[in-house]
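If you're matching them up, the sequences are chains A and B in order.
Position 65 of the first sequence, counted from 1, bears residue number 65 in the working numbering, the numbering being contiguous throughout.
If you want the working numbering, it's the 1-based position in the second sequence plus 302.
Be aware that a few hints might be false.
[Said to hold, decoys possible] Label pairs and their in silico Cβ distance ranges:
| no. | chain 1 | residue 1 | chain 2 | residue 2 | range |
| --- | --- | --- | --- | --- | --- |
| 1 | A | Ala133 | B | Gly511 | 29 to 39 Å |
| 2 | A | Val138 | B | Gly388 | 31 to 41 Å |
| 3 | A | Val138 | B | Leu510 | 47 to 57 Å |
[Said to hold, decoys possible] Here are the simulated lysine to any residue pairs, SDA-like style, with alpha carbons at most 20 Å apart:
| no. | chain 1 | residue 1 | chain 2 | residue 2 |
| --- | --- | --- | --- | --- |
| 4 | A | Lys189 | B | Lys480 |
| 5 | A | Lys189 | B | Arg414 |
| 6 | A | Lys189 | B | Gln371 |
| 7 | B | Lys480 | B | Leu502 |
| 8 | B | Lys480 | A | Gly201 |
| 9 | B | Lys480 | B | Leu506 |
| 10 | B | Lys480 | A | Arg198 |
| 11 | B | Lys602 | B | Val584 |
| 12 | B | Lys480 | B | Gln382 |
| 13 | A | Lys189 | B | Phe319 |
| 14 | A | Lys189 | B | Glu370 |
| 15 | A | Lys189 | B | Gly368 |
| 16 | A | Lys189 | B | Tyr407 |
FYI, nobody ran anything at the bench for these hints, they're computed from the structure.
Every residue gets a Cβ at the ideal spot worked out from N, C-alpha and C, and that includes glycine.
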Amino acid sequence: MTGGTELIETVAAPMADAVPERVRRGRGWGPRIWIPLVVVAFYVLAAIFGPMIVTFDPVATDTANRLLPPLSHRDDGSLVLFGTDQVGQDLLAQTMQGARVSMLVGVATLLLAGFIGVVVGVVSGYFGRWADAVLMRVADIQLTFPGILLAILIAAVIGQSVLNVVLILAISGWVTFARVTRGQVLATKNREYVDATRTLGASNWHIIRTCILPACTAPILVIATLDIGSVILAEAALSFLGLGTPASTPSWGVTIANGRNLLSSAWWVSTIPGICLAILVVSFGILGDALRDRFDPKMKGI
Amino acid sequence: MASAEPLLSVRDLHTTFPIRSALLRRRVGGIQAVAGVSFDLQAGQTLGLVGESGSGKSTVARTIIGLEQAASGQVLFQGQDFAAAGRAQTRRLRRDVQMIFQDPYSSLNPRRTVAELVSEGWQVQPGFGPRGTWRASVQELLERVGLNPDHLDRYPHQFSGGQRQRIGIARALAMSPKLIICDEAVSALDVSIQAQVINLLQDLQRDLGLTYLFIAHDLSVVRHISDRIAVMYLGRIVEEGTRDEVFDRPTHPYTQALLSAIPVSHPWRMPSRERIVLAGDVPSPADPPSGCRFRTRCPKARDRCAVEVPALEVRLGEHASACHFAAVEPAVAPTA
Numbered sequence: 001m002t003g004g005t006e007l008i009e010t011v012a013a014p015m016a017d018a019v020p021e022r023v024r025r026g027r028g029w030g031p032r033i034w035i036p037l038v039v040v041a042f043y044v045l046a047a048i049f050g051p052m053i054v055t056f057d058p059v060a061t062d063t064a065n066r067l068l069p070p071l072s073h074r075d076d077g078s079l080v081l082f083g084t085d086q087v088g089q090d091l092l093a094q095t096m097q098g099a100r101v102s103m104l105v106g107v108a109t110l111l112l113a114g115f116i117g118v119v120v121g122v123v124s125g126y127f128g129r130w131a132d133a134v135l136m137r138v139a140d141i142q143l144t145f146p147g148i149l150l151a152i153l154i155a156a157v158i159g160q161s162v163l164n165v166v167l168i169l170a171i172s173g174w175v176t177f178a179r180v181t182r183g184q185v186l187a188t189k190n191r192e193y194v195d196a197t198r199t200l201g202a203s204n205w206h207i208i209r210t211c212i213l214p215a216c217t218a219p220i221l222v223i224a225t226l227d228i229g230s231v232i233l234a235e236a237a238l239s240f241l242g243l244g245t246p247a248s249t250p251s252w253g254v255t256i257a258n259g260r261n262l263l264s265s266a267w268w269v270s271t272i273p274g275i276c277l278a279i280l281v282v283s284f285g286i287l288g289d290a291l292r293d294r295f296d297p298k299m300k301g302i
Numbered sequence: 303m304a305s306a307e308p309l310l311s312v313r314d315l316h317t318t319f320p321i322r323s324a325l326l327r328r329r330v331g332g333i334q335a336v337a338g339v340s341f342d343l344q345a346g347q348t349l350g351l352v353g354e355s356g357s358g359k360s361t362v363a364r365t366i367i368g369l370e371q372a373a374s375g376q377v378l379f380q381g382q383d384f385a386a387a388g389r390a391q392t393r394r395l396r397r398d399v400q401m402i403f404q405d406p407y408s409s410l411n412p413r414r415t416v417a418e419l420v421s422e423g424w425q426v427q428p429g430f431g432p433r434g435t436w437r438a439s440v441q442e443l444l445e446r447v448g449l450n451p452d453h454l455d456r457y458p459h460q461f462s463g464g465q466r467q468r469i470g471i472a473r474a475l476a477m478s479p480k481l482i483i484c485d486e487a488v489s490a491l492d493v494s495i496q497a498q499v500i501n502l503l504q505d506l507q508r509d510l511g512l513t514y515l516f517i518a519h520d521l522s523v524v525r526h527i528s529d530r531i532a533v534m535y536l537g538r539i540v541e542e543g544t545r546d547e548v549f550d551r552p553t554h555p556y557t558q559a560l561l562s563a564i565p566v567s568h569p570w571r572m573p574s575r576e577r578i579v580l581a582g583d584v585p586s587p588a589d590p591p592s593g594c595r596f597r598t599r600c601p602k603a604r605d606r607c608a609v610e611v612p613a614l615e616v617r618l619g620e621h622a623s624a625c626h627f628a629a630v631e632p633a634v635a636p637t638a
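Please model the entire structure based on the sequences and the hints provided.
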């Protein structure tokens, strides 16, 4: 009867995606995942502990030591690793403070956008009909606007604050989550085990909670990792344009903007936070790509 | 037949799947998956529902259990109409009717443990005792279906196909149902495992007084387990009767063709046995033939078949057949 067993094996093979993550997680943590992970972890540590070590005071000035290049010394002999800006503030402290703001904004935005997107995606994918039609047309319309243009428009209307930046970026970022969630919900809701749960008399909420959402976590995490880079970049762009975080909580975008008139005389004021930003965004990009290949090879083209 | 009220009574059931146009999603037609099916199922008995792929037998099951909406007709469970019952009542009725699915690989949520899967019914329905006692109850159920009771924290993929189907049976039993619909419950399994699972189902029926609606395309399996048999073709029942009547004295040409296709272990012992090979394919259920739905492939078809729909009624012997020219063909059925 080996013939029958083999048949069952081949039938079961395409179902590999149904195996829980915690079981598959054992294999394939290649350098494409851990190198960017180490970089990101370093940024997180710097963002959390950096401002505790090198305090940053947004109103303090030290004009005697203004525009010192990187690796030079102040009058009192202390080393300024990243140099100082036009009012003599330490760029290292400013950059680490900026990392804190940028990453906070990035994570908060993703949580908000992810929440909105998952709710919209589940509602339109699971319940379908007119809810699906309306929500997905709204998403389509939103996608026809360039994201940054929409963000600038909203920012100009509701004004500057960290919270507003999060709101603005979440409004322009939920669509990706909604679409990915909807796709995953559509793929999951016709699975036989969903029917099997329904025949027990389960409510829709129970089915969504136990069958639908667990199937969505992996793709949503992948999208979040891919997205956080562009969210941080968008926040920097908004701040650079003067529509992002206020000067009292300088993100990288604010610092970069501060130095743009000095590019010919003091390149480091803009360049160093710019490099920090670039490395973080690229790391998140590589990490997201690697995670996507790892968890969901079918999504490779997206 | 003067007997007690049937446990399940299906009355002129129709289930139609709409065909929608591509652009405006307007309804442009319908696939009549089930077109006027009626049968009774007595408590404690097993009705075998057979037919080839696309005959609508699974749709009958899915409509009875509420996964599909009936277009018309009634499903009466203990005399109560499922469709007419309110939401809360429907949920309670669902406890009494459970289903075992065809594919044990896709019918169990891969992300939940056996304990969670078996007790899932208790999570969604009230009145199953305190949570603290569930693990012990799950272990009892696992033992009842022949699984190791210590495996309750494992995931479905850690089990073989037959074991998974036992988990599915335990899940259904957890609700203490009266009727279990087995939708091709053993078709995906190895033949040796099939026998084990069928024996388990029979043991459970004997011990718990269960009623089965057993859907399959494997006639030998159906013959083994059923008390009565209904044969479906293109959304209708063409012949219905006790197991021995249908197998030994089939009167519908479709049943005869099906039975003649069963392989026999000693063909030389029945030299008169003929294989009836049907020509052509099953017509599209979106555009079924007029009159008798089987007429396009029937060796006996005549003009009357295109005009008049043959009713399912007792025509010859003791069981119902939906053929105008019902006749016993002695040479087709294999004797067990």
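Which numbered hints does this structure break? Checked against the structure, the hints that fail are numbers 1, 4, while the rest are satisfied.
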